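Number of protein chains: 4
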Amino acid sequence: MPLSSDQKAEIDQQRAEQRPTRRVVAPDLEEVLYEALPVLDHGFVRVIDYMGDDNAVVQAARVSYGRGTKRVSEDRGLINYLIRHRHTTPFEMCEIKYHVKLPIFVARQWIRHRTANVNEYSARYSILDKEFYIPRPEHLAAQSAANRQGRDAVLAGKEAERVFDLLRKDSELVYEHYFEMLNEGTDGAPLDPERSGLARELARMNLSLNYYTQWYWKTDLHNLMHFLSLRADAHAQYEIRAYADVMVDTLKRWCPLAHEAFLEYRLGGTALSKTGLAIVKRLLAGEPVEQKTSGLSARDWRELMASLGRGA
Amino acid sequence: MPLSSDQKAEIDQQRAEQRPTRRVVAPDLEEVLYEALPVLDHGFVRVIDYMGDDNAVVQAARVSYGRGTKRVSEDRGLINYLIRHRHTTPFEMCEIKYHVKLPIFVARQWIRHRTANVNEYSARYSILDKEFYIPRPEHLAAQSAANRQGRDAVLAGKEAERVFDLLRKDSELVYEHYFEMLNEGTDGAPLDPERSGLARELARMNLSLNYYTQWYWKTDLHNLMHFLSLRADAHAQYEIRAYADVMVDTLKRWCPLAHEAFLEYRLGGTALSKTGLAIVKRLLAGEPVEQKTSGLSARDWRELMASLGRGA
Amino acid sequence: MPLSSDQKAEIDQQRAEQRPTRRVVAPDLEEVLYEALPVLDHGFVRVIDYMGDDNAVVQAARVSYGRGTKRVSEDRGLINYLIRHRHTTPFEMCEIKYHVKLPIFVARQWIRHRTANVNEYSARYSILDKEFYIPRPEHLAAQSAANRQGRDAVLAGKEAERVFDLLRKDSELVYEHYFEMLNEGTDGAPLDPERSGLARELARMNLSLNYYTQWYWKTDLHNLMHFLSLRADAHAQYEIRAYADVMVDTLKRWCPLAHEAFLEYRLGGTALSKTGLAIVKRLLAGEPVEQKTSGLSARDWRELMASLGRGA
Amino acid sequence: MPLSSDQKAEIDQQRAEQRPTRRVVAPDLEEVLYEALPVLDHGFVRVIDYMGDDNAVVQAARVSYGRGTKRVSEDRGLINYLIRHRHTTPFEMCEIKYHVKLPIFVARQWIRHRTANVNEYSARYSILDKEFYIPRPEHLAAQSAANRQGRDAVLAGKEAERVFDLLRKDSELVYEHYFEMLNEGTDGAPLDPERSGLARELARMNLSLNYYTQWYWKTDLHNLMHFLSLRADAHAQYEIRAYADVMVDTLKRWCPLAHEAFLEYRLGGTALSKTGLAIVKRLLAGEPVEQKTSGLSARDWRELMASLGRGA
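Protein chains in written order, with my numbering: chain R, 1 to 312; chain Z, 1 to 312; chain Y, 1 to 312; chain D, 1 to 312.
Take the hints with a grain of salt, since some may be wrong.
[Stated by the list, open to error] 20 Å max Cα-Cα, derived EDC-like pairs, lysine to aspartate or glutamate:
no.	chain 1	residue 1	chain 2	residue 2
1	D	K274	Z	E35
2	R	K281	Y	E290
3	Y	K252	Y	E30
4	D	K274	Z	E260
5	R	K252	R	D6
6	D	K281	Z	E180
7	Y	K70	D	D192
8	R	K281	Y	D187
9	Y	K292	R	E290
10	Y	K169	Z	E180
11	Y	K70	D	D12
12	R	K169	D	E172
13	Y	K281	R	E290
14	R	K158	D	D192
15	R	K274	Y	E303
16	Y	K8	Y	E138
17	D	K274	Z	E264
18	Z	K281	Z	D249
19	R	K281	Y	E264
20	D	K274	Z	D249
21	D	K70	Y	E10
22	D	K130	D	D6
23	Z	K70	R	D192
For the record, the hints were derived by calculation from the structure and aren't laboratory data.
Small disclaimer: the values here were computed from a predicted structure and weren't measured.
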């Protein structure tokens with residue numbers, strides 16, 4: 001369960017209050033504001049705040065005094081144009097802030113995106129909760145033989161059982177010892193009044209990388225789409241993709257036109273190299289092209305043919 | 001006049017509309033939202049949007065589920081503590097967006113602050129208005145003899161007259177020729193239907209650095225305070241300080257507790273070097289200290305004594 | 001002439017000295033180190049320092065203890081792979097520093113690339129030289145009628161003559177008045193010993209945007225390629241493209257494999273949107289596709305057909 | 001042991017080669033280039049590459065054509081001036097690249113410094129070595145009772161023994177199970193040819209935060225000093241301070257004048273708030289000041305008095 005009843009009450013209270021503002025408002029995003037959208041077994045994504053919407057992109061691109069928008073069709077055209085030609089600065093004029101709960105190994109991938117603001121829960125200062133990630137059976141994948149950075153079919157039978165058993169038991173064990181080293185009882189009292197307890201900043205290092213942490217994470221619309229284009233991609237590790245997928249939905253609620261352009265130009269398209277483009281032109285002209293005469297290596301040829309939906 | 005009547009109407013319309021939001025609202029800042037706060041002879045600062053307030057800083061520092069704030073006195077204490085110990089990340093959780101009209105030579109100083117988002121009016125694409133900066137008599141300062149990067153007393157009499165005359169006439173002249181090269185009449189029609197007109201991206205280079213440009217500029221609370229600590233400082237050039245001073249007022253409306261801490265720890269304080277601190281300790285212990293035995297150069301000694309309010 | 005004889009002597013002296021180092025060395029780049037590579041009428045690009053080469057990219061990608069490189073063919077394959085899949089971080093491990101002299105209006109475009117380090121010559125502190133940009137006749141382009149941000153054919157005859165005349169005379173005039181306001185004679189003595197002279201930080205605002213400034217500019221290999229992909233592109237203004245073209249040559253001397261991949265995947269390729277890719281697939285399958293049934297607007301259809309080398 | 005004999009051989013080979021360069025060279029840093037400077041039980045810091053030195057700071061500050069340096073005493077004065085007045089951009093003109101091996105919990109603190117370039121060893125792609133951090137007895141500190149983020153006296157006797165026992169056994173256990181889930185034998189062959197082995201990107205999550213990772217980390221001189229001012233500070237966790245201390249030594253070898261200024265103005269000095277400065281002035285004027293009339297809270301008063309070397 002990602003939330004305690006106290007936390008739920010705090011969130012409900014925030015959701016209940018409304019105030020008037022002169023700022024731009026994104027009504028569909030307001031609907032889910034503060035709500036914990038569940039991800040994985042104990043994680044969540046919560047939208048805490050935002051600034052701007054599709055209209056703010058248009059306004060910045062036009063450096064206008066008023067709203068800047070005209071008809072929706074013109075705004076859509078302008079936003080598509082900006083994305084297609086990588087005019088990224090108007091998208092930096094919108095900002096969104098999330099509260100995210102996520103396993104530490106996911107946090108370590110996520111934090112590599114540097115153009116963002118982060119405040120993480122401090123295990124130097126506080127004690128981490130006993131919450132760790134265990135994959136669902138359908139995500140317990142084998143190592144890919146072909147791609148050192150990929151997954152293969154799902155483990156099954158005895159092997160799967162053994163893995164679940166190890167993951168669970170080790171997670172339980174390291175947490176038990178974490179508390180023992182801290183000299184913390186579950187009731188908050190010291191386990192042993194004679195002992196001092198190891199410093200929190202040291203004891204935490206006994207925890208494993210599937211333990212959950214949480215942070216506030218804030219970024220602008222351009223960097224959000226860049227993050228999503230890498231992390232909602234099929235090559236991303238499933239566990240971070242699960243977060244990205246939920247965030248793509250929040251993007252749709254926030255800036256529907258930017259979301260549309262994002263699907264069309266970022267997630268859905270492809271890039272052709274100079275040689276790849278020359279091959280496509282030759283093929284379109286009806287010329288037969290083979291790998292050997294294409295100028296591409298066998299591997300690059302296969303990649304190109306796959307992206308064009310042709311057998312090799 | 002910084003605004004045309006059309007622009008005023010657009011702004012009034014934006015100010016008239018209010019919508020409900022679940023987000024944090026800063027009522028004092030809402031009061032001036034969209035308004036053009038005048039700076040210099042034709043410039044302005046307009047707050048277009050914002051996200052968060054003092055409370056968001058506290059919430060991020062505590063990574064809390066609800067508002068995060070307790071009593072005002074506790075929030076003030078926490079914000080002071082964060083600023084004093086340079087824990088800057090919670091201040092990055094608030095964001096503000098300005099629309100600014102400013103002379104190009106001011107824009108060139110301003111843009112050196114890289115951790116911000118900018119959309120500038122494009123003189124490749126559009127034609128600049130005929131608006132240029134002429135200092136008021138009390139700001140027409142002579143070159144400082146002592147400090148190559150500073151100003152001395154104000155010019156007066158014939159010298160001042162001559163400078164005003166040159167600035168005005170040259171500004172008028174380069175704009176007249178800008179329009180002639182563009183082949184633009186003031187009514188929008190070509191001056192000469194036989195001519196093509198020079199490309200806008202070239203013609204603009206005839207304009208002088210006192211011409212006004214404008215941009216949308218967005219940054220977070222931490223970087224805003226860093227900008228203001230450098231640009232509202234006595235060493236900053238007067239013309240950019242004029243903008244910073246107006247923005248300090250918007251900071252006060254937005255995040256009053258952060259504003260208070262900013263005055264106390266950034267604008268109002270001083271830094272002591274290792275040697276400077278040793279001297280202060282000796283002085284406080286009643287020991288006489290002179291420059292020669294202080295370990296400081298004559299110049300550094302004078303700077304230190306001045307900052308401590310003592311004659312050299 | 002971009003350089004005085006004193007400056008040339010300083011540069012020759014730097015070029016003459018060699019020292020031993022254990023660091024990676026890029027011999028082809030060493031050949032032109034410190035040299036002023038001319039750009040436009042008074043500008044230049046000088047490579048002042050660099051760190052790393054193709055090998056450093058490979059080493060970082062492999063997080064290896066030694067050099068990291070294997071055979072050239074494997075290194076080439078890895079660098080191509082990294083560029084193609086936008087694994088950009090290994091390219092951030094190389095750094096290059098330039099000294100650039102450029103017109104102010106070009107500097108204003110250039111500075112928008114924020115992930116770089118800059119030290120600009122200060123006109124608050126020092127006096128600018130009398131050097132301004134005048135386009136060569138073949139670059140004196142008319143405003144494009146079709147594209148508000150573009151150029152058309154070159155101006156000729158009387159119109160060209162008049163434009164040259166205006167640009168030259170205004171540039172001369174504003175500089176003469178700059179010196180008069182500064183109360184500076186060309187020999188360094190005051191023009192008029194009775195006058196104080198206007199502060200440099202104010203006088204500079206009378207200069208026009210075609211005056212030259214200069215700066216040290218440093219960036220990493222990834223951000224250099226990003227800069228070049230935008231500024232060596234046909235849509236960039238000619239004057240900044242002239243700098244980018246010279247810098248592409250320095251890239252080739254520095255990191256020949258990255259340069260090759262840059263031409264293949266960045267400058268030479270194209271991007272297909274989701275709809276564009278679907279159209280290409282249909283065309284390759286022999287299906288006739290027309291704009292009306294393509295899902296693209298007329299304008300996007302023309303762009304796609306042009307990029308595929310087909311008439312509309 | 002931080003290095004295998006293969007790794008040592010690779011490093012020795014790199015150290016043996018010297019090549020001529022026209023670039024600036026820092027001889028004292030060349031002496032330790034590529035060497036593994038040991039930190040903690042299995043970690044190290046290696047300087048892999050650098051660009052510039054004190055002279056490059058001076059050259060950028062003066063935007064000069066040649067070296068830019070004059071006499072050492074003038075260069076020292078300029079560098080001190082730049083640091084004191086927070087003119088940070090000239091320090092960004094120097095760059096340094098490290099190869100660092102460090103426990104994951106240290107890496108998680110370190111990565112919060114965003115203005116740096118990083119390539120980390122990938123546990124999605126490769127298998128981590130069996131190396132984990134165990135504190136030396138003198139660093140096995142108890143939790144501070146006064147400061148939730150601090151350490152107290154060192155644990156001793158039975159409590160210390162028990163903690164060491166838990167840390168070692170859990171570290172051994174999670175690694176054994178990591179290998180079992182991967183289906184990896186220590187000889188590289190599968191443990192069990194019938195099993196597939198869990199994907200590396202999943203198995204790694206069973207490892208604890210004291211396991212070592214490694215990365216290439218590159219930053220500029222300004223950001224290095226900022227990093228060191230926070231991480232070589234007494235408030236930093238001991239384990240990251242151990243790295244910072246070694247890096248301060250490399251700074252001294254690289255840029256001795258900047259290092260001197262860093263000790264004088266960053267590590268050794270203190271900051272006075274507006275109220276604190278007023279109190280110091282009153283004390284220096286011989287006026288008695290007490291906490292109650294000082295305008296400071298009891299806590300801030302104690303902090304100020306401590307920094308001035310006075311009892312409260």
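The hints, checked one at a time:
A C-alpha spacing of about 32 Å is found between K274 (chain D) and E35 (chain Z), which places the hinted pair above 20 Å, so the restraint is violated. Of the supplied pair hints, the one linking K281 (chain R) and E290 (chain Y) holds, its CA atoms being roughly 17 Å apart against a limit of 20 Å. Between K252 (chain Y) and E30 (chain Y) the CA atoms are separated by roughly 12 Å; this keeps the pair inside 20 Å, and the hint holds. Proposed proximity of K274 (chain D) and E260 (chain Z) is supported: the alpha carbons are some 11 Å apart, at most 20 Å.
Between the alpha carbons of K252 (chain R) and D6 (chain R) the distance comes to roughly 30 Å, so the proposed pair goes past 20 Å and is violated. At most 20 Å may separate the alpha-carbon atoms for a hinted pair to count; K281 (chain D) and E180 (chain Z) exceed this at roughly 62 Å. In summary, the hint linking K70 (chain Y) to D192 (chain D) is not supported, as the alpha carbons are separated by about 33 Å, beyond the 20 Å threshold. Simply put, K281 (chain R) and D187 (chain Y) have alpha-carbon atoms about 64 Å apart, too far for the 20 Å limit, and the pair is violated.
Straight-line distance between C-alpha atoms of K292 (chain Y) and E290 (chain R) comes to about 33 Å, which puts the hinted pair past the 20 Å bound. Using a Cα cut-off of 20 Å, the hinted pair K169 (chain Y) and E180 (chain Z) holds, with the two alpha carbons roughly 14 Å apart. Between the alpha carbons of K70 (chain Y) and D12 (chain D) the distance comes to roughly 18 Å, so the proposed pair stays at or under 20 Å and holds. Annotation: proposed proximity of K169 (chain R) to E172 (chain D) holds, straight-line Cα distance about 14 Å (limit 20 Å).
At most 20 Å may separate the alpha-carbon atoms for a hinted pair to count; K281 (chain Y) and E290 (chain R) meet this at roughly 17 Å. Simply put, K158 (chain R) and D192 (chain D) have alpha-carbon atoms about 13 Å apart, close enough for the 20 Å limit, and the pair holds. With a C-alpha separation of about 17 Å, the suggested pairing of K274 (chain R) with E303 (chain Y) holds against the 20 Å cut-off. With a C-alpha separation of about 30 Å, the suggested pair K8 (chain Y) and E138 (chain Y) falls outside the 20 Å cut-off, and the hint is violated.
Distance check on the hinted pair: K274 (chain D) and E264 (chain Z) sit about 5 Å apart at the alpha-carbon level, within 20 Å; holds. In summary, the hint linking K281 (chain Z) to D249 (chain Z) is not supported, as the alpha carbons are separated by about 37 Å, beyond the 20 Å threshold. Restraint check for K281 (chain R) and E264 (chain Y): the C-alpha separation of about 16 Å stays at or below 20 Å, so the hint holds. A threshold of 20 Å between alpha carbons decides the hint, and for K274 (chain D) with D249 (chain Z) the separation of about 19 Å falls inside it, so the pair holds.
Distance hint between K70 (chain D) and E10 (chain Y) is fulfilled; the C-alpha atoms sit about 13 Å from each other, no more than 20 Å. For the hint linking K130 (chain D) to D6 (chain D), the alpha-carbon distance of about 17 Å falls within 20 Å, and the restraint holds. With a C-alpha separation of about 33 Å, the suggested pair K70 (chain Z) and D192 (chain R) falls outside the 20 Å cut-off, and the hint is violated.
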